[in-house]
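> Chain by chain, the residues:
2 protein chains.
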Amino acid sequence: MHRFFLPPENIGKSRVRFPAETAHQIHAVLRLRPGHEVIVLNNGGQAFRVRLEDIRPAAVTGIILDEIPLTGEPKTHLTLFIGLTQREKFEWVLQKGTEVGVSAFIPLITRRTLVREIETAHNKQGRWQRIVQEAAEQCGRGRIPEVHLPLELPQALDYPWPGPTLRLVAWENETQNGLRQILQHLPEQPQQVALMIGPEGGLSLDEITQAQEAGWVTCSLGTRILRMETAAIVGAALTLHELGDL
Amino acid sequence: MHRFFLPPENIGKSRVRFPAETAHQIHAVLRLRPGHEVIVLNNGGQAFRVRLEDIRPAAVTGIILDEIPLTGEPKTHLTLFIGLTQREKFEWVLQKGTEVGVSAFIPLITRRTLVREIETAHNKQGRWQRIVQEAAEQCGRGRIPEVHLPLELPQALDYPWPGPTLRLVAWENETQNGLRQILQHLPEQPQQVALMIGPEGGLSLDEITQAQEAGWVTCSLGTRILRMETAAIVGAALTLHELGDL
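Chains as they are written, first to last, in our numbering: chain F, 11 to 256; chain S, 11 to 256.
The hints are simulated quantities; they were obtained by calculation from the structure and are not laboratory data. Keep in mind that a hint or two might mislead.
[To be verified] In the DSS-like style, the derived pairs of lysine-lysine whose C-alpha atoms are separated by at most 27 Å in a straight line are:
#, chain 1, residue 1, chain 2, residue 2
1, S, Lys85, F, Lys134
2, S, Lys85, F, Lys99
3, F, Lys99, F, Lys134
4, S, Lys134, S, Lys99
5, F, Lys99, S, Lys134
[Stated by the list, open to error] Listed below are several chain F residues computed to face chain S (Cβ distance under 10 Å; list not exhaustive):
#, residue
6, Thr108
7, Asn187
8, Leu189
9, Thr228
10, Leu231
11, Leu236
12, Ala247
13, Leu248
14, Gly254
[To be verified] Simulated DEER-style distance windows between Cβ atoms:
#, chain 1, residue 1, chain 2, residue 2, range
15, F, Glu127, S, Ala224, 35 to 41 Å
16, S, Pro172, F, Asn187, 46 to 52 Å
17, S, Ile78, F, Glu156, 42 to 48 Å
18, S, His46, F, Gly173, 39 to 45 Å
19, S, Thr81, F, Gly225, 46 to 52 Å
20, S, Pro172, F, Gly136, 50 to 56 Å
21, F, Arg59, S, Thr81, 51 to 57 Å
22, F, Arg126, S, Glu98, 24 to 30 Å
23, S, Arg122, F, Pro174, 44 to 50 Å
24, F, Ala69, S, His132, 28 to 34 Å
25, F, Gly225, S, Leu196, 34 to 40 Å
26, F, Gly136, S, Arg121, 58 to 64 Å
By construction, the Cβ of each residue, glycine as well, lies at the ideal position given by its N, Cα and C atoms.
Between the sequences and the hints, there should be enough to build the whole structure, so can you do that?
Following this line, the structure appears as structure tokens:
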């Protein structure tokens, strides 16, 4: 069934009103008709089964049939720090990362990061947010992941976490600590996990040292050298898998 | 250090001769110079440290310094059956799948497969093989994965395996059997594993039934609906991860 995240103000007690953009998608792209059922999410942890009622090019309304349980949203809040890179690759990580279960993306700027202009990132914010929303709707997430503005490494390392957070940084020279070793020997299931993936050139040795001094744990993603985008998706998937949250 | 797979006939007892294409890459692209060291692999399980000697545009030779241990090659032989699809997406799976540790790729044609012409696949064979070789050199594999010609589902289901093979088919309606449940309760570590990922539209119910009747085990890749290319990479990574082979 098609799923749509709607702004809370569009969701009433018994009826929903789809915004123009979504209405166009329903009417012209998906060609849904009155009587068709869809799922509406409020991005606040609720999902509703909705029967489409009135369908016009720019205005669609529906009747809420019932609230349905939210599935597809991991318990663990996983934040992925990923080196800012060329558009295609970065947007690909946003899409796949959302499918895999990442809850927040923070573009990272390090010494070897290819793309450095924070300004352009500002302009891309809207496009990035649309990519993760669409992916979240497609793969069955209960909430839309957040895409933050880029951070330089020092700010990223000292990120002000709301609560206790397990902070992992993938490092190709880490041969001892695999994700399983780390995640299966925790005193308790972490509520929040941060995973940092360096840029194409990797993090430099002293950047890794800075991370360790800031309390980040270096981890291995296996014996093979993964490209940054592969490391991001595989690392996120393995983390949630090990926490029983994939 | 740069790594190159060479045909066995180019690797002598004490010297190696790089084929024209590789020679061009070394000379013009990577701009390596005499005295530089590279790693040469024979795709037969051996790797050698080689010092470049004579470098010309179309002919490069090197001296074998010593044989070095092969790392980066999984013990488990994982065959990935993946629905034939549009070029970019398919080649992306070849590249990432090689990084993750897939040993053989078999393009699959099912009822809902988007791309169906086996002929075009014939022409692409060479290009596909170059993609996996380059990825294998980059990520540190010891062998080049094989890319087979496409198979229709019935042939794929009855594939003549050389030995006992655990055959898994990812299915979105499988809610009980996760990869961990399956892989952690095996009598012994499987030498060969096959993982089948359906096309964009998924496998039909009776295609799944055919698979089960042929002895394939349906498995879940988690609660979220992954796109086929994401399912292929995440499924392959989790399989090797669970077998301690990533």
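> Each hint should be assessed against the structure and marked as holding or not.
Status of each hint after checking the structure:
Restraint check for lysine 85 of chain S and lysine 134 of chain F: not satisfied, since their Cα atoms lie roughly 43 Å apart, outside the 27 Å limit. Taking the CA atoms of lysine 85 of chain S and lysine 99 of chain F, the gap is about 30 Å. The hint is violated against a cut of 27 Å. For the suggested pair lysine 99 of chain F and lysine 134 of chain F, the alpha carbons sit about 14 Å apart, so the restraint of at most 27 Å is met. Restraint check: the Cα-Cα separation between lysine 134 of chain S and lysine 99 of chain S comes to about 14 Å, which is no more than 27 Å; the hinted pair holds.
As the CA atoms of lysine 99 of chain F and lysine 134 of chain S are separated by approximately 24 Å, the hinted pair is consistent with the 27 Å bound. Because the closest C-beta pair between threonine 108 of chain F and chain S is about 9 Å apart, less than 10 Å, the hint holds. The interface hint given for asparagine 187 of chain F is broken, as the beta carbon of that residue sits about 14 Å from the closest beta carbon of chain S, more than 10 Å. For the restraint placing leucine 189 of chain F at the interface with chain S, the shortest Cβ-Cβ distance is roughly 8 Å, inside the 10 Å limit, so the hint holds.
With its C-beta approaching chain S no nearer than about 17 Å, threonine 228 of chain F sits outside the 10 Å limit, and its interface hint is violated. Checking leucine 231 of chain F against chain S by beta carbon gives a least distance of about 8 Å; that is within 10 Å, so the hint holds. Because the smallest distance between the Cβ of leucine 236 of chain F and any Cβ of chain S comes to about 5 Å, under 10 Å, the interface hint for this residue holds. Given the 10 Å rule on beta carbons, the hint for alanine 247 of chain F holds: about 5 Å separates it from the nearest Cβ of chain S.
Checking leucine 248 of chain F against chain S: minimum C-beta separation of about 6 Å stays under 10 Å; hint holds. The criterion of a C-beta within 10 Å of any C-beta in chain S is met by glycine 254 of chain F, whose closest approach is roughly 9 Å, and the hint holds. Hint check: glutamate 127 of chain F to alanine 224 of chain S, Cβ distance near 54 Å, so the stated range 35 to 41 Å is violated. Look at proline 172 of chain S against asparagine 187 of chain F: about 36 Å separates their beta carbons, and that is not inside 46 to 52 Å.
Between isoleucine 78 of chain S and glutamate 156 of chain F the CB atoms are about 45 Å apart, so this pair conforms to the stated range of 42 to 48 Å. For the hinted restraint 39 to 45 Å between histidine 46 of chain S and glycine 173 of chain F, the CB-CB distance of approximately 50 Å leaves it violated. Between threonine 81 of chain S and glycine 225 of chain F the beta carbon distance is about 30 Å. The supplied range of 46 to 52 Å is therefore violated. Restraint check, proline 172 of chain S to glycine 136 of chain F: a C-beta distance of roughly 53 Å satisfies the suggested window 50 to 56 Å.
Judged by the Cβ atoms, the range 51 to 57 Å given for arginine 59 of chain F and threonine 81 of chain S holds: they are separated by roughly 52 Å. Roughly 27 Å separates the CB atoms of arginine 126 of chain F and glutamate 98 of chain S, a value that falls within the hinted 24 to 30 Å. Between arginine 122 of chain S and proline 174 of chain F the C-beta distance comes to about 45 Å, which sits within the given range of 44 to 50 Å. A C-beta distance of roughly 51 Å is found between alanine 69 of chain F and histidine 132 of chain S, which places it outside the suggested range of 28 to 34 Å.
At roughly 38 Å, the beta carbons of glycine 225 of chain F and leucine 196 of chain S sit within the given window of 34 to 40 Å. The hinted range of 58 to 64 Å is not satisfied by glycine 136 of chain F and arginine 121 of chain S, whose Cβ atoms lie roughly 39 Å apart.
This entry does not satisfy hints 1, 2, 7, 9, 15, 16, 18, 19, 24 and 26, going by the numbered hints stated previously.
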